[in-house]
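**Q** Chains as they are written, first to last, in the UniProt record's numbering: chain H, 1 to 350; chain F, 1 to 350; chain L, 1 to 350; chain X, 1 to 350.
It is worth saying that the hints were derived from the structure and are not from the lab.
Please note: incorrect hints may appear among the correct ones.
Said to hold, decoys possible - Below are the BS3-like pairs computed for lysine-lysine, each with C-alpha atoms no more than 30 Å apart in a straight line:
hint, chain 1, residue 1, chain 2, residue 2
1, F, K314, H, K207
2, L, K41, L, K51
3, F, K51, L, K207
4, X, K47, F, K263
5, F, K202, H, K314
Unchecked claim - Over the 10 Å line for every Cβ pair with chain X, so calculated as not near, a few chain H residues:
hint, residue
6, M15
7, S25
8, D57
9, K76
10, D77
11, E164
12, K218
13, A264
14, Q301
15, F315
Ideal Cβ placement from N, Cα and C applies to all residues, glycine included.
Protein chains: 4
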Amino acid sequence: MADKIKVSLLGSTGMVGQKMVRMLSKHPYIELVKVSASPQKIGKKYKDAVKWIEPGDIPENVAELPIVSTEYEDHKDVDVVLSALPNELAEDVELKLVKQGKIVVSNASPFRMDPDVPLINPEVNWEHLELLKYQKSSKNWNGLLVKNPNCTAAILSMPIKPLERLIKINATYIVTLQAVSGAGYSGLPFMAIDGNVVPWIKGEEEKIPKEINKMLGKFEAGKLKSSSLEIHPTTTRVPVKVGHMGVINIVTDDNVDEKEVQKALDSFASLPQHKNLPTAPNKPIIVFKDEDRPQPARDLQYYDGMAVTVGRVKFEGNVLRLVVLGDNLVRGAAGITILTLEVMKELGYF
Amino acid sequence: MADKIKVSLLGSTGMVGQKMVRMLSKHPYIELVKVSASPQKIGKKYKDAVKWIEPGDIPENVAELPIVSTEYEDHKDVDVVLSALPNELAEDVELKLVKQGKIVVSNASPFRMDPDVPLINPEVNWEHLELLKYQKSSKNWNGLLVKNPNCTAAILSMPIKPLERLIKINATYIVTLQAVSGAGYSGLPFMAIDGNVVPWIKGEEEKIPKEINKMLGKFEAGKLKSSSLEIHPTTTRVPVKVGHMGVINIVTDDNVDEKEVQKALDSFASLPQHKNLPTAPNKPIIVFKDEDRPQPARDLQYYDGMAVTVGRVKFEGNVLRLVVLGDNLVRGAAGITILTLEVMKELGYF
Amino acid sequence: MADKIKVSLLGSTGMVGQKMVRMLSKHPYIELVKVSASPQKIGKKYKDAVKWIEPGDIPENVAELPIVSTEYEDHKDVDVVLSALPNELAEDVELKLVKQGKIVVSNASPFRMDPDVPLINPEVNWEHLELLKYQKSSKNWNGLLVKNPNCTAAILSMPIKPLERLIKINATYIVTLQAVSGAGYSGLPFMAIDGNVVPWIKGEEEKIPKEINKMLGKFEAGKLKSSSLEIHPTTTRVPVKVGHMGVINIVTDDNVDEKEVQKALDSFASLPQHKNLPTAPNKPIIVFKDEDRPQPARDLQYYDGMAVTVGRVKFEGNVLRLVVLGDNLVRGAAGITILTLEVMKELGYF
Amino acid sequence: MADKIKVSLLGSTGMVGQKMVRMLSKHPYIELVKVSASPQKIGKKYKDAVKWIEPGDIPENVAELPIVSTEYEDHKDVDVVLSALPNELAEDVELKLVKQGKIVVSNASPFRMDPDVPLINPEVNWEHLELLKYQKSSKNWNGLLVKNPNCTAAILSMPIKPLERLIKINATYIVTLQAVSGAGYSGLPFMAIDGNVVPWIKGEEEKIPKEINKMLGKFEAGKLKSSSLEIHPTTTRVPVKVGHMGVINIVTDDNVDEKEVQKALDSFASLPQHKNLPTAPNKPIIVFKDEDRPQPARDLQYYDGMAVTVGRVKFEGNVLRLVVLGDNLVRGAAGITILTLEVMKELGYF
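All chains, full assembly: derive it from the sequences and hints.
**A** Okay, here's the thing in structure tokens:
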């Protein structure tokens with residue numbers, strides 16, 4: 001198909017990279033044509049360079065692709081570069097490609113808080129892509145850089161967005177129970193986390209309020225102004241493979257009832273749904289009324305992991321409490337990168 | 001030893017019962033002389049009636065004891081009846097024994113919120129034993145009934161007690177990550193909780209605010225008046241065998257710093273410490289400064305599980321955050337029953 | 001479709017029952033029209049009677065079906081009754097239905113070793129269905145009874161069948177590492193098996209040699225004569241949700257090499273493959289050459305769980321060693337019941 | 001105490017090293033006076049260099065010790081150097097120290113199969129220390145080198161030793177279920193082994209037959225002649241933290257009954273028991289008659305992990321089957337190094 005968007009993928013052999021490879025293999029109009037990985041893998045076939053852990057076989061068209069470098073030369077023929085690079089490598093590599101003219105859509109943390117760079121969780125703030133209209137001139141870049149949020153911020157921001165419209169939020173107390181895959185495939189030894197909880201995730205509590213507030217921000221006089229939601233996060237690691245859960249207590253002066261809240265969440269829809277984009281979940285938020293849901297072992301499957309699930313909605317005194325769960329590798333990473341690209345295409349950003 | 005306190009134990013073959021059997025086997029002045037269990041076990045030797053899961057062998061003096069019933073006749077020679085009965089059986093059995101004149105110290109939930117019954121977590125509110133002076137007359141009982149709190153309330157109340165003295169608490173947001181043993185040995189199938197989190201524990205969120213507020217209560221005009229701390233609990237079950245963790249966010253108008261808080265927790269001591277009671281931990285609260293502690297797999301061992309551990313103390317804006325961890329079977333159950341008995345002995349209640 | 005085979009399902013709300021419900025919902029010519037469960041559920045809608053744990057929603061056509069009893073009256077209109085009943089209930093219920101004229105295909109253990117009842121793992125011994133020709137007269141039954149093997153015997157017999165053709169087997173030493181789901185959803189408490197191995201499974205070591213030998217048996221003079229393979233099984237339970245693994249050491253006087261063995265396994269095919277039956281895996285045995293495979297967390301997905309995977313093939317001295325893995329709920333239970341029915345249809349048994 | 005044996009410890013901050021530090025802290029006559037670790041830790045205090053995971057606090061006398069190098073200079077004042085070095089570092093470091101005159105007792109794999117080096121599991125083959133009488137001359141070393149076996153070989157050889165005396169063994173089929181700690185604290189990511197079994201452990205199946213046969217060897221004409229037991233091992237990794245289990249099938253022409261076997265195992269004792277050495281378990285083998293034992297979560301505690309436990313003894317046909325379990329870090333590593341030193345002291349080797 002002549003019109004397919006050709007993309008390359010940085011960090012293609014990691015856990016999130018593999019997830020993107022699998023998701024893109026069935027994509028109607030995005031075609032993965034180049035895969036990049038660490039220097040010692042360059043030249044090998046993808047199937048020989050990867051320790052494949054996704055279900056099913058390696059997509060045939062990718063299995064035989066040779067691993068390429070992160071240099072511009074190796075990506076000059078693609079329309080967009082997707083990045084699932086580790087945070088510590090991303091800054092230099094991505095910046096170089098953007099300066100040389102590439103459009104880069106990236107999951108990695110550097111530049112997420114840069115005022116010129118949109119930080120996109122599509123259903124929450126696709127409008128922020130408008131920043132791209134000013135980015136080249138303000139940055140003196142030849143290409144474009146778009147970021148996706150931290151996996152936890154991505155999941156938490158989903159129910160907060162419609163709630164923020166419904167009620168005036170005074171403060172938010174969030175405790176997360178995060179899966180081990182959030183630290184990468186080899187991020188935590190079995191000996192450290194099996195039968196255990198670690199009540200701290202390095203760097204996570206700093207990112208969550210900043211990223212959520214940036215995503216909830218509004219344009220004022222051509223600039224993006226972050227929101228100023230008061231968020232108190234505590235992040236913990238639990239012995240679960242996939243699925244980040246957040247318990248959210250929202251303090252408000254408004255009076256709502258639980259049914260209104262459930263309805264606002266359940267009916268949430270945004271541009272990806274309205275435009276029926278291929279990777280968009282029909283319903284981005286699924287609400288449970290059973291008290292014992294959502295659960296990571298049971299509730300990550302909806303729309304291939306692109307929906308978040310919400311339960312335990314309760315309004316008492318001036319506090320609204322809910323529990324949210326999302327697939328940290330799909331909704332929190334691979335999926336929103338692809339969905340962001342679909343929105344950019346839809347809106348004509350390339 | 002002629003002066004030893006002779007006790008019997010209801011529910012002696014369960015997980016908490018076994019824990020008490022082991023703890024009492026080394027006790028300097030409490031002697032376990034009768035063990036009771038469900039009707040079909042009556043007459044069997046303890047060693048044949050129990051599926052022993054505590055470390056080490058069954059204490060020799062208990063192994064050969066015959067299982068007795070819960071009837072008064074079988075307990076008439078003991079000074080005190082301890083109870084680790086399941087909640088659903090406890091009400092009738094305990095009430096009958098108390099009416100017939102026994103002193104019962106119990107872990108089970110019935111009567112915990114009865115205004116005439118002290119709910120004791122020794123370091124937190126040993127003074128409430130004074131209620132016993134009025135109990136016989138107000139209840140028309142021949143014996144006495146003392147209750148210990150729910151395991152989670154027991155652990156959470158430990159740091160809240162000294163903090164409540166230090167600062168004025170406006171509201172408290174608590175999220176717990178509770179171990180599977182809290183539901184009993186067979187309470188949760190492996191299929192239901194392995195690799196999973198269940199964001200709800202039946203009945204737990206109702207108990208926590210009530211029981212904590214009762215324990216924090218004060219005597220006024222001969223009556224115990226519950227405290228009115230605003231507590232918003234969310235309780236979750238995590239795939240951990242032993243150890244309940246709580247993430248506590250406390251809203252306050254006061255200004256304290258983290259070091260003051262750590263010091264108040266670290267130096268907390270109460271009658272059990274001052275009287276150097278056998279089961280009392282030297283330090284009931286151990287404070288960690290390492291960010292990744294406390295952890296259930298590493299931090300349940302202090303003073304044989306009788307200390308709680310606290311970490312992640314942080315004061316920011318008007319919010320004090322801390323994480324507390326305790327052994328739900330020892331600090332949350334078996335240990336405080338025994339410690340309560342020691343306090344009662346010390347104060348001359350029998 | 002007028003020609004669809006109408007079936008009812010006994011034990012429809014259990015773990016294997018749910019698996020069958022899901023598998024049948026997509027079946028080209030078998031239609032599930034009646035669902036039965038325990039007496040207290042009768043009359044409820046399936047969706048209200050089941051605690052659904054399969055991925056995805058309850059199939060729409062089943063969700064609204066009312067639960068029926070196990071009595072003949074409730075099954076008289078179906079062509080075949082499938083049974084996922086617990087072993088202890090199956091004998092009476094199934095026998096009654098068969099006597100009253102129903103064709104019953106069942107996973108439960110009673111009658112498995114009855115000489116008149118075929119014990120079918122389709123690829124291994126579909127020919128044994130011929131026993132049905134004699135069953136009515138020898139048993140004086142009006143219906144027919146077909147059994148499927150124990151889940152472990154089902155998985156182990158898959159590679160043994162082609163190997164038995166390739167070499168003369170003197171003795172077989174088998175150690176299994178079996179998943180917790182093999183004991184049923186509530187079969188093992190988390191406290192008992194998490195972080196543990198239990199080196200014994202009640203009743204399992206008795207079943208394995210007998211059932212495998214029956215499946216490997218041959219017709220002689222109109223009777224099925226069991227094989228007499230010497231099998232020494234040790235069965236263990238490991239903290240894995242799904243997937244039974246077996247380490248098989250086969251002693252032989254023959255000389256084969258590993259490649260021959262791998263080829264014989266890899267190319268194994270039987271009537272279900274030759275007739276291209278809907279539930280038949282294209283390849284019933286998948287052979288890995290990577291030393292660290294198969295693994296339950298990675299290798300249960302092939303052909304929706306209907307293939308077994310084999311690895312670690314090694315021939316040294318007079319010993320052939322291999323490791324086999326299969327989905328105990330699909331290949332070991334739900335899947336072979338459905339595949340058995342497909343074979344029966346293909347061969348005109350109803 | 002002037003007469004204490006002064007030892008240094010290589011690899012003191014690893015998991016086995018920490019275990020030795022804790023075990024030695026209570027030792028009546030061995031004193032740990034120097035601790036060595038990797039170059040970047042040299043000069044730090046032990047307490048600052050170690051990520052302590054053993055229960056309890058770091059022993060006081062060790063906590064303040066400065067980390068030293070592996071050079072002779074840093075060990076010249078100690079009587080014996082103990083080594084818990086990683087296999088890949090051990091060869092050069094240990095050889096250098098031995099050549100320079102130190103007595104080294106080591107857990108690491110290099111030199112285990114050297115015919116001049118005794119490979120000691122004390123109860124099994126303490127007599128092999130006699131090799132030390134010839135080692136200096138045959139090797140031209142100034143010091144002495146003693147090795148301990150691989151953890152799995154150490155545990156398996158315990159019951160095989162008394163059985164080899166009882167019956168003539170034709171062949172042995174062994175399947176192990178090994179704990180994750182056997183691969184080191186960071187050896188396996190949670191993502192790789194949680195809820196999983198990996199049916200292969202690199203290098204393990206090569207070591208087991210060779211090491212067991214060396215330990216079962218006999219002196220002939222001043223040389224150690226390995227035994228020639230036919231052992232067919234398959235090694236698997238299971239999601240358990242500590243405790244290696246082995247299922248052993250022994251083929252024999254002899255006729256024994258299960259009780260004889262249990263008695264032979266139960267009554268096994270050797271020089272460490274006869275001399276009542278401090279680290280020796282009173283009973284090196286504990287036999288269970290309950291069918292569901294031994295279990296890693298319950299049975300590693302006997303004699304602080306120095307006993308192995310055996311269950312499921314069964315003799316049928318010509319096959320004896322048993323299951324053995326041992327603490328891979330204590331009986332398989334730290335404990336036997338210390339016990340070996342005690343035997344050497346007892347026998348006057350220094």
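**Q** Are the hints correct? Go through all of them and say.
**A** Verification of the supplied hints:
1. For a cut-off of 30 Å, the pair hint linking K314 (chain F) to K207 (chain H) stands: about 17 Å separates their Cα positions.
2. The hinted pair formed by K41 (chain L) and K51 (chain L) meets the criterion: a straight-line CA distance of about 12 Å does not exceed 30 Å.
3. Taking the CA atoms of K51 (chain F) and K207 (chain L), the gap is near 27 Å; set against the 30 Å cutoff, the hint holds.
4. With a C-alpha separation of about 23 Å, the suggested pair K47 (chain X) and K263 (chain F) falls inside the 30 Å cut-off, and the hint holds.
5. In summary, the hint linking K202 (chain F) to K314 (chain H) is supported, as the alpha carbons are separated by about 15 Å, within the 30 Å threshold.
6. Its closest Cβ contact with chain X, about 8 Å, brings M15 (chain H) to no more than 10 Å, contrary to its assignment away from the interface.
7. Remark: the non-interface label on S25 (chain H) is consistent with the geometry, its nearest Cβ contact in chain X lying 22 Å away (cut-off 10 Å).
8. Remark: the non-interface label on D57 (chain H) is consistent with the geometry, its nearest Cβ contact in chain X lying 19 Å away (cut-off 10 Å).
9. The claim that K76 (chain H) lies off the interface holds: its Cβ sits roughly 35 Å from the closest Cβ of chain X, which is beyond the 10 Å cut-off.
10. Against the 10 Å criterion, D77 (chain H) stays outside the reach of chain X, whose nearest CB is about 34 Å from its own CB.
11. In this structure E164 (chain H) is separated from chain X by more than 10 Å, as the shortest Cβ-Cβ distance comes to about 35 Å.
12. Every CB of chain X is more than 10 Å from the CB of K218 (chain H) (nearest about 39 Å), matching its label as outside the interface.
13. With a closest Cβ-Cβ approach of about 36 Å to chain X, A264 (chain H) is found to remain outside the 10 Å limit, as its non-interface label requires.
14. Consistency note on Q301 (chain H): stated as away from chain X, and its beta-carbon is indeed over 10 Å from all of that chain's, at 17 Å minimum.
15. The claim that F315 (chain H) lies off the interface holds: its Cβ sits roughly 37 Å from the closest Cβ of chain X, which is beyond the 10 Å cut-off.
The structure fails to meet hint 6 from the earlier list, while all remaining hints are met.
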